[in-house]
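Taken in order, these protein sequences are the chains called A and B. Counting in the working numbering, the first sequence runs without a single skipped number right up to 290 at its last residue. Counting in the working numbering, the second sequence runs without a single skipped number right up to 224 at its last residue.
No lab work stands behind these hints: they were computed from the structure. Mixed in with the good hints there might be a few duds.
[As the list claims (entries may be wrong)] The calculated label-pair distances, taken between Cβ atoms and stated as ranges, are:
| no. | chain 1 | residue 1 | chain 2 | residue 2 | range |
| --- | --- | --- | --- | --- | --- |
| 1 | B | 188 | A | 50 | 42 to 52 Å |
| 2 | B | 152 | A | 88 | 24 to 34 Å |
| 3 | A | 270 | B | 152 | 42 to 52 Å |
| 4 | A | 286 | B | 175 | 25 to 35 Å |
| 5 | A | 288 | B | 196 | 30 to 40 Å |
| 6 | A | 252 | B | 163 | 54 to 64 Å |
| 7 | A | 233 | B | 192 | 32 to 42 Å |
| 8 | B | 163 | A | 270 | 52 to 62 Å |
| 9 | B | 139 | A | 252 | 29 to 39 Å |
| 10 | A | 85 | B | 35 | 48 to 58 Å |
| 11 | A | 31 | B | 163 | 40 to 50 Å |
| 12 | A | 88 | B | 3 | 50 to 60 Å |
| 13 | A | 288 | B | 189 | 27 to 37 Å |
| 14 | A | 289 | B | 162 | 26 to 36 Å |
Backbone N, C-alpha and C fix where the C-beta goes; we use that ideal spot for every residue, glycine too.
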Amino acid sequence: MVMKRLVVLALLASAPGWAAERIEQRHSAASDALIEIENPAGSVRVMAWDKDEVEVVGKLGRGAQGLDVSGSARHVLIGVETEGNPHGVHSDLEVRVPRGSRLEIASFSASISVEGVEGLVRAETVNSGITIASGSPEVAAETVNGSVEISCPCRRVEASAVNGAIRIRGASGVIQASTVNGELVVDGGAFARAQLESVNGRVEFRGDLERDATLDVETVGGNVELGLPAGVSADFSISSFSGSIVNDFGAEPRRISRYTSEQELEFSAGSGGAAVRVQTLSGAIRLRKR
Amino acid sequence: MICAEFEDRLDDYLDGSLAEPEFQELELHLAGCGACREQERSLRSLLLQAAALPREQTPRRDLWPEVAARLEPRDALSEARRALRNGGWLPAALGAAAAVLLAVATLLRPPEPAPAPEPQALEPGSTALRAGSSSEPTEVLAAEREYAQAATTLLAALHARRERLSPETLAAVENNLQSIDDALAQIRAALERDPGSGALNHLLASTHQRKLKVLQRIVRLSRI
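With these hints in hand, go ahead and build the complete structure from the sequences.
If you want it as structure tokens, here you go:
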């Protein structure tokens, strides 16, 4: 795993002391190179350019022993070298990469942003947010205490946060997203499979469904709003134990228990085919025509 | 001969399978070593008692159906626990939780409706919503215990790494785990009012799974 390099580099670093250091390094890179970036804390900003070269500029934080830029043109490794606990070393990196690069970015508490890259992007951090605005076909972003913002024409997106919002725009195809307390908003094209989960955050989906698609939404307390084309063809299965259900497509929910307020709504729109399933304990559900 | 060598050959001595020179050698050692004489007497007594036991004990009822019914999920757990004992405990903790996810999901999962075509499975054991019948309360309790056990394992792993997390992150994690626990309590309360609800049973299971996935994710990311 690439993360181990941080530890190795920390052990190898032997020069004592620290001085503020501005950095500027370059490395040749193929137009579709795999580029791995590791920075324990601070920020990582990646921007695409139309050169077969990687450029790293920025500032290393206290405790950094240097910046390692190595590897081959096909596989470039960029890592902040540290001594001791790397998590307190805040460095700010601006990295320019070939537009078609594939990116893997790992951090502990650095904010991560990616702009314009058209290869696959995978980013993970713990204590900060992730912003990706790219032309990537596939994006995966994962954080714990931060938000995830993705804007791309992706055909596949995986996004997760614990204590933060997830907002995804422009995607289509396959999407999987989950959070605990943040809102989860998806505004995209036509999906083949969408799985959206939240515990308390609201879930909003605006998009279309491919033929035989599945759209699964589940929350415990979060409200759910689905905005679907008026002419959508889908089979709906909606239930809420104690929340309201409002359906712009016509059919009325029915109460399914004499003893509780549990409601269920099952109907087909158009010629059916796609499956839309929504389940919540106490969240309100709204099916809206777009 | 030293005592260790005597111990190595004691079984063969009692079996009578030693060659004469070795037998004589052990007899000689026994004559001069009280500790080994005591050991020899104890083992001989134990073997005599064992020989007096009935050759076969038939259970009063057939236990196999119950064992078989639980074999698959238990095996998954056993594998994870074995890994926990033999390997690094953090990967094992993640593995144990994953095994519980699969095992308990099997226990709690309502019957599948007619299979719908899925373009691409995102993850094994993922929580696609299903309408279905309810689980037995005892199954639910057993499943909840398994989930709790897995969560405890992961929390211990997280605790071991807590110095790597900032106070803000730890507070956020604790708040979010509390949110999930509150949600679980709400679902249980709803289940008390409507124990026959398959949807609620499903929601209970998937919320437990979500808690474990959150813990897995935090533990994994805290290794960065």
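Status of the hints after comparison with the structure:
no.	hint	verdict
1	B/188 - A/50: 42 to 52 Å	violated (57 Å)
2	B/152 - A/88: 24 to 34 Å	holds (30 Å)
3	A/270 - B/152: 42 to 52 Å	holds (48 Å)
4	A/286 - B/175: 25 to 35 Å	holds (28 Å)
5	A/288 - B/196: 30 to 40 Å	holds (32 Å)
6	A/252 - B/163: 54 to 64 Å	holds (55 Å)
7	A/233 - B/192: 32 to 42 Å	holds (39 Å)
8	B/163 - A/270: 52 to 62 Å	holds (56 Å)
9	B/139 - A/252: 29 to 39 Å	holds (34 Å)
10	A/85 - B/35: 48 to 58 Å	holds (54 Å)
11	A/31 - B/163: 40 to 50 Å	holds (42 Å)
12	A/88 - B/3: 50 to 60 Å	holds (57 Å)
13	A/288 - B/189: 27 to 37 Å	holds (30 Å)
14	A/289 - B/162: 26 to 36 Å	violated (49 Å)
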